[in-house]
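Here is what each chain is made of, one letter per residue.
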Amino acid sequence: MRCDQARERISALLDGELPGRQREDVAEHAETCPACARYRDELKELSARLAGARERAPQRLAQRIQASLAVEQSPPEEIATSRAAPSSLSAKIGAMIAAITGGWASALRQITVALVACVVSVSATWWYMQGVDTQREITRDVLAAHVRSLLQDNIVQVASDSSHNVKPWFAGRLEFTPVVKDLSAEGYQLVGGRLDYIGGRRVAALVYKKRLHQINVFIWPSNNEVALKLDTAEGYNVASWSRGGMAFRAISDLNAGELRELPSLL
Amino acid sequence: MPSPRDFDAEALPHIDAAYNLAFWLVRNEADAQDVVQDAYLRAFKAYGQFRGGDIRPWLLAIVRNVAYRWLSVRKRNANVVSIEHALADRSGSAFEPESAEPSAEELLISNAECSLVRRALAGLAPAFREVIVLREFEGLSYQDIASVTGVPGGTVMSRLSRARTQLKDLLTGLMQKENKNAL
Numbered sequence: 000m001r002c003d004q005a006r007e008r009i010s011a012l013l014d015g016e017l018p019g020r021q022r023e024d025v026a027e028h029a030e031t032c033p034a035c036a037r038y039r040d041e042l043k044e045l046s047a048r049l050a051g052a053r054e055r056a057p058q059r060l061a062q063r064i065q066a067s068l069a070v071e072q073s074p075p076e077e078i079a080t081s082r083a084a085p086s087s088l089s090a091k092i093g094a095m096i097a098a099i100t101g102g103w104a105s106a107l108r109q110i111t112v113a114l115v116a117c118v119v120s121v122s123a124t125w126w127y128m129q130g131v132d133t134q135r136e137i138t139r140d141v142l143a144a145h146v147r148s149l150l151q152d153n154i155v156q157v158a159s160d161s162s163h164n165v166k167p168w169f170a171g172r173l174e175f176t177p178v179v180k181d182l183s184a185e186g187y188q189l190v191g192g193r194l195d196y197i198g199g200r201r202v203a204a205l206v207y208k209k210r211l212h213q214i215n216v217f218i219w220p221s222n223n224e225v226a227l228k229l230d231t232a233e234g235y236n237v238a239s240w241s242r243g244g245m246a247f248r249a250i251s252d253l254n255a256g257e258l259r260e261l262p263s264l265l
Numbered sequence: 000m001p002s003p004r005d006f007d008a009e010a011l012p013h014i015d016a017a018y019n020l021a022f023w024l025v026r027n028e029a030d031a032q033d034v035v036q037d038a039y040l041r042a043f044k045a046y047g048q049f050r051g052g053d054i055r056p057w058l059l060a061i062v063r064n065v066a067y068r069w070l071s072v073r074k075r076n077a078n079v080v081s082i083e084h085a086l087a088d089r090s091g092s093a094f095e096p097e098s099a100e101p102s103a104e105e106l107l108i109s110n111a112e113c114s115l116v117r118r119a120l121a122g123l124a125p126a127f128r129e130v131i132v133l134r135e136f137e138g139l140s141y142q143d144i145a146s147v148t149g150v151p152g153g154t155v156m157s158r159l160s161r162a163r164t165q166l167k168d169l170l171t172g173l174m175q176k177e178n179k180n181a182l
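Going down the list, the protein sequences come from chains A and B. Under numbering that gives the first Met the number 0, the first residue of the first sequence is numbered 0, with each subsequent residue one higher. Under numbering that gives the first Met the number 0, the first residue of the second sequence is numbered 0, with each subsequent residue one higher.
Simulated from the structure, these hints should not be mistaken for laboratory data. There's no promise every hint is true.
To be verified - Calculated cross-link-like contacts (lysine to aspartate or glutamate; reagent style DMTMM-like; alpha-carbon spacing at most 20 Å):
id : chain 1 : residue 1 : chain 2 : residue 2
1  : B       : Lys-167   : A       : Asp-40
2  : B       : Lys-167   : A       : Asp-3
3  : B       : Lys-74    : A       : Asp-152
4  : A       : Lys-209   : A       : Glu-257
5  : A       : Lys-43    : A       : Glu-16
6  : B       : Lys-74    : A       : Asp-160
7  : A       : Lys-208   : B       : Asp-37
8  : A       : Lys-209   : A       : Asp-252
9  : B       : Lys-74    : B       : Asp-30
10 : A       : Lys-209   : B       : Asp-168
11 : B       : Lys-44    : A       : Glu-7
12 : A       : Lys-180   : A       : Glu-257
13 : B       : Lys-167   : A       : Glu-7
14 : B       : Lys-44    : B       : Glu-28
15 : B       : Lys-74    : A       : Asp-252
16 : A       : Lys-209   : B       : Glu-28
17 : A       : Lys-43    : B       : Asp-168
18 : B       : Lys-74    : B       : Asp-37
19 : B       : Lys-176   : A       : Glu-41
20 : B       : Lys-167   : A       : Glu-44
21 : B       : Lys-44    : A       : Glu-233
22 : B       : Lys-44    : B       : Asp-5
23 : B       : Lys-176   : B       : Glu-137
24 : A       : Lys-228   : A       : Asp-132
25 : A       : Lys-208   : B       : Glu-137
26 : B       : Lys-167   : A       : Glu-41
27 : A       : Lys-209   : B       : Asp-30
28 : B       : Lys-44    : A       : Glu-71
29 : A       : Lys-43    : B       : Glu-137
30 : A       : Lys-43    : A       : Asp-24
31 : A       : Lys-180   : A       : Asp-160
32 : A       : Lys-208   : B       : Glu-28
Build out the structure end to end from the sequences listed, making use of the hints.
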């Protein structure tokens, strides 16, 4: 056997991956040829040195994965409970009134309570669903805009990591001035801004990056003051909040815990 | 039909193997963690397609796919040229995209132990690095390496042989340089 043929197979010989006949040939060659024997020993030494370089997963990672798998495994009803809130609330009120009046109450009284509960429930649900529809439409638009931006190479119309360049760019393009902050110290790198279209109106879209995660923040004027809320849409985390007459939506594949801190920074 | 609980029990013990492969492909701890988490979620959703047997090759193939996708995203994001950068080095090659790979200096700082063999391994091309990782760290058979990387078994043998030779030479070079500095 020639040296070059043997060399190619010595690594497989050490791995025990050579078929019987070849194994004998290569092993024999490595015994008789000093150069190939040295090569074999060097490879053995290399394996020994590599043994210490294996990375071990940080302990938190297993917990993080278990937590995210648990979310994945939980039935969807649990996530959707908030939507059923108005009807269950009115049912509770009904039950409470029924409990107070119960015992000695006549059948008529009970029917009245049931009717009142029904009316409250229906109107509350109707009022709530009006809001839910708009919210759903906005969430759908936000999701679509985010995914679209991920599909494109040019995610911004003005690329800059300075708020002093991005903020003036919106002037004249929008009838309001969005908040643009440089959050690089907090680990959110400003990539730039662009215009987008959410809920039937032009909005400001800011793009931040945290590690490899892209975050789209959409801003538009709104008189509805809402508290910070976290949802998921198609696996993306969406944070919605409002401040100073502006509505904000932030969407990203960044984990919910980190996305939650963004509103306090912006 | 495997249940979700089976997945936890079967896949979670291999988290070190998954993280190790991810780390050596994306070469950054935070990104490697994200890659592993993403890969586990994908694996969980695709668990119905797992045909049984040793789960490692199947799981590591998913980790590898996610890691390579992240590398390509990292490269694409590095192509966004900001106004500041463009203005700052207009005299030079203004629109040269930043390299997606961390520089040699960054690697030096990030590797706390900085051992020579780690630096040598980091210097290999990804296709070589991954076969070394799968064989030397995880002890996968050639057949399993072939199924993780999607290349024929014969190619695994020659690629691993070339990767080892190259790694050995890189290491020898680094050791000589180190000795020279020590003198």
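Take the C-alpha atoms of Lys-209/A and Asp-168/B, compute the straight-line distance between them, and say whether it is at most 20 Å.
violated, 37 Å
Quick one, are Lys-167/B and Glu-7/A close enough, alpha carbons at most 20 Å?
holds, 14 Å
Holds or violated: Lys-209/A and Glu-28/B, Cα atoms, limit 20 Å.
holds, 14 Å
Does Glu-257/A lie within 20 Å of Lys-180/A when you go C-alpha to C-alpha?
holds, 17 Å
Lys-208/A and Glu-28/B were given as a pair; does the straight-line alpha-carbon distance stay at or below 20 Å?
Since the Cα atoms of Lys-208/A and Glu-28/B sit roughly 17 Å apart, the hinted pair holds (cutoff 20 Å).
Against the 20 Å threshold, does the CA-CA distance of Lys-180/A and Asp-160/A hold or violate the hint?
holds, 10 Å
Between Lys-176/B and Glu-41/A, does the CA-CA distance stay at or below 20 Å?
Satisfied, since the Cα-Cα distance of roughly 19 Å is no more than 20 Å.
Does Asp-252/A sit within 20 Å of Lys-209/A, going by the straight-line distance between their CA atoms?
holds, 10 Å
Tell me if the straight-line CA distance from Lys-74/B to Asp-37/B falls inside 20 Å.
At roughly 19 Å apart (the allowed maximum being 20 Å), Asp-37/B and Lys-74/B satisfy the hint.
Does Glu-233/A sit within 20 Å of Lys-44/B, going by the straight-line distance between their CA atoms?
holds, 14 Å
Straight-line alpha-carbon gap Lys-228/A to Asp-132/A, limit 20 Å
holds, 16 Å
Is Lys-209/A close enough to Asp-30/B, meaning Cα to Cα at most 20 Å?
Roughly 11 Å between the alpha carbons, so the hint for Lys-209/A and Asp-30/B holds.
Checked against the numbered hints above, the structure breaks hints 10, 11, 14, 23 and 25 and satisfies the rest.
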